[in-house]
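With chain A held as given, fit chains B and C onto it using these hints.
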Amino acid sequence: MSTTHEMVEGHLSQSLENLRTDELLLNMGPQHPSTHGVLRVVVVTDGEIVKAAKPEIGYLHRCFEKHSENVDYMGVAPYVDRLDYLASMNNAMGWAIAVEGMVGIEVPRRAEFIRVITAELQRIASHLMSFGTYGLDMGAFTAFMFGFRDREMILDIFEMMSGARLLYNYMWVGGVSRDITPEAIAKTKSFLDYFEPKIDEYNDLLSFNKIFIERTKDVGVIDVETCHSYGLTGVMLRGCGVKWDLRKEVPYSIYKEVEFDVPVGSGEMGTLGDCWDRHIVRMREMKESVRIVRQLIDNIPAGPHRGKVGKVVKVPAGESFSRTECPRGELAFYIVSDGSAKPFRVRCKSPCFLNISTLDELTRGVMVADLIATIGSLDIVLGEVDR
Amino acid sequence: MTFEEIHQKLVAKFPQAVQGIEETAPEKSLKIHPEHIVAVIRFMKEEMQFETLGDLCGLDYPALPASCVAYHMQSYAHKKVVRLKCYLPREGASIESLTSLFKAANWLEREAFDMFGIRFNGHPELRRILCPEDWVGHPLRKDYQTPDYYNGMPVPLYFDNQDESTAGNAKT
Amino acid sequence: MIPSDSVVMTSVDEVLSWGRRNSLWPLTFGLACCAIEMMATGASDYDLERFGCGVFRATPRQADLMIVAGTVTLKMASRIRTLYEQMPEPKWVISMGSCSNKGGPYWHEGYHVLKGVDRIVPVDVYVPGCPPRPETLLEAVMMLQKKIRVQESSMGLLGSLRKPA
Chain A
1 MSTTHEMVEG
11 HLSQSLENLR
21 TDELLLNMGP
31 QHPSTHGVLR
41 VVVVTDGEIV
51 KAAKPEIGYL
61 HRCFEKHSEN
71 VDYMGVAPYV
81 DRLDYLASMN
91 NAMGWAIAVE
101 GMVGIEVPRR
111 AEFIRVITAE
121 LQRIASHLMS
131 FGTYGLDMGA
141 FTAFMFGFRD
151 REMILDIFEM
161 MSGARLLYNY
171 MWVGGVSRDI
181 TPEAIAKTKS
191 FLDYFEPKID
201 EYNDLLSFNK
211 IFIERTKDVG
221 VIDVETCHSY
231 GLTGVMLRGC
241 GVKWDLRKEV
251 PYSIYKEVEF
261 DVPVGSGEMG
271 TLGDCWDRHI
281 VRMREMKESV
291 RIVRQLIDNI
301 PAGPHRGKVG
311 KVVKVPAGES
321 FSRTECPRGE
331 LAFYIVSDGS
341 AKPFRVRCKS
351 PCFLNISTLD
361 ELTRGVMVAD
371 LIATIGSLDI
381 VLGEVDR
Chain B
388 MTFEEIHQKL
398 VAKFPQAVQG
408 IEETAPEKSL
418 KIHPEHIVAV
428 IRFMKEEMQF
438 ETLGDLCGLD
448 YPALPASCVA
458 YHMQSYAHKK
468 VVRLKCYLPR
478 EGASIESLTS
488 LFKAANWLER
498 EAFDMFGIRF
508 NGHPELRRIL
518 CPEDWVGHPL
528 RKDYQTPDYY
538 NGMPVPLYFD
548 NQDESTAGNA
558 KT
Chain C
560 MIPSDSVVMT
570 SVDEVLSWGR
580 RNSLWPLTFG
590 LACCAIEMMA
600 TGASDYDLER
610 FGCGVFRATP
620 RQADLMIVAG
630 TVTLKMASRI
640 RTLYEQMPEP
650 KWVISMGSCS
660 NKGGPYWHEG
670 YHVLKGVDRI
680 VPVDVYVPGC
690 PPRPETLLEA
700 VMMLQKKIRV
710 QESSMGLLGS
720 LRKPA
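Chains as they are written, first to last, in this note's numbering: chain A, 1 to 387; chain B, 388 to 559; chain C, 560 to 724.
The shape of chain A in the complex, shown without the other chains (with noise of 0.2 Å):
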C-alpha cells in the first residue's frame, strides 16, 4: 500500500518520461517595437531556446536601385538619404565621393571640413540614437530618453546648416549646399564641451551598469573568421578586435589630416565579439568623433562651399566601387555610367544587409531574451537592409 506522496512522485516520474517538448514556430514582427523597423524574424523555440532565426526582410523595399536609374546623378542624393536615415550626411558624402571619384571634381577645401565635421557629428547622432534605442531594448528607458535629448542638439546644428531635421540633402556633387554659418559653429562648439562629458556619464549610466552587462556579455559572440565570411564591416568587424576603419586605412576627404583612435572591442566583460563589444565600440567612437570635430571647428579654411558644378553633372562612362565608413559599416556605391545623363545601374551594397544576415548564426541555441540583445547590438537601419 503505497502513501499519497509515493503516488505522486510516481505518476510525476512517469510523466516526465514521457514529457516531450513541441518546437513553436513564432512570428517576431514586422510589427515589434524591438526589430529597429519593419523587420520579421521567424523564430523556432524549445521553450525559451532558440533553435532558428531566420530573418525575413523586404517590409521597407522602396527600389532605390531602380529609381536612381530613372533620375539624374543629383536626383539620386535625396534618395541616398534616405537609404539609413539616421545617418544621412554620412551616406549622402559617400555618394558625393562615389559620383566626385568618377568625374573627377575637386571638392574645395572649405566645403571637405564642412562635410567632415557634419558627418562626424552625425556619427555621434547614430551612435546616441542607438545607445538610447538598445539601452530601451534592454528595459532601461532613461537611456533613450537622454540618447534623443543629445540627438535633438545635433539636430538643432544640423537645421542651422542644411534646415532639414533628419533627411537634409545637404552634400550635394561637389561640396555642400549651404555654407556654414558662425552661429552653428559657435553652437558645434558649445554642443562639443557639454557632451563630451556626457559620454562617460552615460557609460556609468548604462555600459557599465551590472544588469545591462549581465545581459549583454557572451552573448551574440562573431569571431573574425565569420566576421569575413559574412562579410561583416564596421562596429562588428571592430567589435571582435580588428583595427579596420576605412577612415584610417583608406582614407578619403581629409581623415587623413585629422588624429583619432579606432576602438577596438577586447572581451573586457566576457568574450571577445559579444554584444558588450560591440556597444562599447560605438560609446568609445562618439568619444573620437567629438575629438575629430575639435581639430577641425576652429580651422575651417576660407573659400568657396562648393566647387564650379553645371546643374547637370556629366559623368564620363566607366564604373566605379567607392567605399565610406558609415555608423554601420562600410557603405558601398557600385555606379555604372554609360555616359549619360542618368547612372545605368547604381548598386548600393549596405553594411546593415550582411549584419542582419549573421542573425541565425548568432543566436542558435540561445535564450529569446539574448536574441532581442543581438538584433540590437547589430544596430540595423531597415531602411538600408531593404533599400
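Treat the hints as calculated values from the structure; they're not laboratory data. Treat the hints with caution; some may be incorrect.
[What the hints assert, rightly or not] Each computed EDC-like pair below joins lysine to aspartate or glutamate, with the alpha-carbon atoms no more than 20 Å apart:
| no. | chain 1 | residue 1 | chain 2 | residue 2 |
| --- | --- | --- | --- | --- |
| 1 | C | K661 | C | D623 |
| 2 | A | K54 | B | E512 |
| 3 | B | K415 | A | E23 |
| 4 | B | K466 | A | E249 |
| 5 | A | K54 | B | E414 |
| 6 | B | K529 | A | D72 |
| 7 | A | K198 | C | E608 |
| 8 | B | K467 | A | E249 |
| 9 | B | K467 | B | E410 |
| 10 | A | K314 | B | E410 |
| 11 | C | K705 | C | E608 |
| 12 | B | K529 | A | D338 |
| 13 | A | K187 | A | E225 |
| 14 | B | K529 | A | E69 |
| 15 | C | K661 | B | D535 |
| 16 | A | K187 | C | D604 |
| 17 | B | K466 | A | D261 |
| 18 | B | K472 | A | D72 |
| 19 | C | K650 | C | E573 |
| 20 | A | K342 | B | D530 |
| 21 | A | K187 | A | D223 |
| 22 | A | K287 | A | D338 |
| 23 | A | K51 | A | E23 |
| 24 | B | K415 | A | D204 |
| 25 | B | K432 | A | E6 |
| 26 | A | K314 | B | E414 |
| 27 | A | K51 | B | E410 |
| 28 | B | K418 | A | E23 |
| 29 | B | K432 | A | E225 |
Just chains B and C now, kept in the frame of chain A:
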C-alpha cells in the same frame, strides 16, 4: 599588389578563365569566364588574401544582350577591392553559387536572383528576398514593366486613362 | 474650483469623447524615416505625453490610434490592414509623411511602394512633410482630438460616421 599583378597572377594560374581586362575608368574590371568563377575566387581567397566578398550584384545589359554578375573581392591585407565580372546569356542565366566559400553569398545571391532572375546553382534556398514570394518578374531588369495591380492593390499612382492633366509623368 | 458635492450635467457623448480624445493610445508602429520623428515626438524634447497621447502600446489590441509613419510597401500593406483590423473600435489613423500619404518621393518608379495608405485603411488626418517635423505631428494629434470632439461618439452612431475601408 596592383591590379596588373593580380591580373598576371590569375592569368598564370587560370589561363583559360581570365577573358581580359575591361577598361572601366576609374577602376578596371577583370572579365572571368562563368565556368571558372568559383575556382578563381577560391584561389583569390586562399592564396591571394582576398578574405571577403565585398559585394555581389547583378547587372542587365539589354544592348549586348547579356546578364552580368559583378563580384567585388575585398582584401584587408592589400587594402584593395577587385571587381570580377561574369557575362551570362540574358535569358535563363545561371552561374555556380559562391555559398560554399562565403556565407555572405547566400543573401547577396538571393537578391541578385530576386532583382535579375539570375539562377545560382547549388544555392541552398534560392528564393526571393526583397520582393514578396508571389511577385512576378525581376524588377531591375531594364525591360521590367510595373504591374498595374498586386493582390488587388493598385500599384501606380495614376492610371493612363485617369485624368490626363494630373498624370504628369504618365504611368509609373 | 467646483465644490465636491456639485453635479455636472452633460451628455453621454460629451463624456465619452472627452475621455477618448484625451487618452489616445497610439500603436508602436514605425515603418521608416518618419518613425524616427515619431519617436522624437514621443521622447524628451517634444513630449507627446502632454497631449494625452504618449502611451505607445506594442499591441494593436490596446491601441486606438495608428500613426502610419513611413513608406508603406506592398509586402507590408496586408500586415497594416491586419493590424488595423485588430485594433478595437473606436479607432483612428494618422497618415504621417508624404510616403504614406501618396507614395512620397517613391511615387514614380516605386514598383513595390503603395501609393497612399488610404488605399487600404481609412485615414483621419494626413500629415505632410518628408519627414514632418515633430510639431507637425503634434498639430495632427490636436486636430484629431478636435475631430473626435465633434464626432458623435455614441457606439451606435459611430459606425455610420466612419467611411468604409
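Checklist line | Violated hints, by number in ascending order, as checked against the structure | finding: Checked against the structure, the hints that fail are numbers 1, 3, 5, 7, 13, 18, 21, 22, 24, 25, 27 and 28, while the rest are satisfied.
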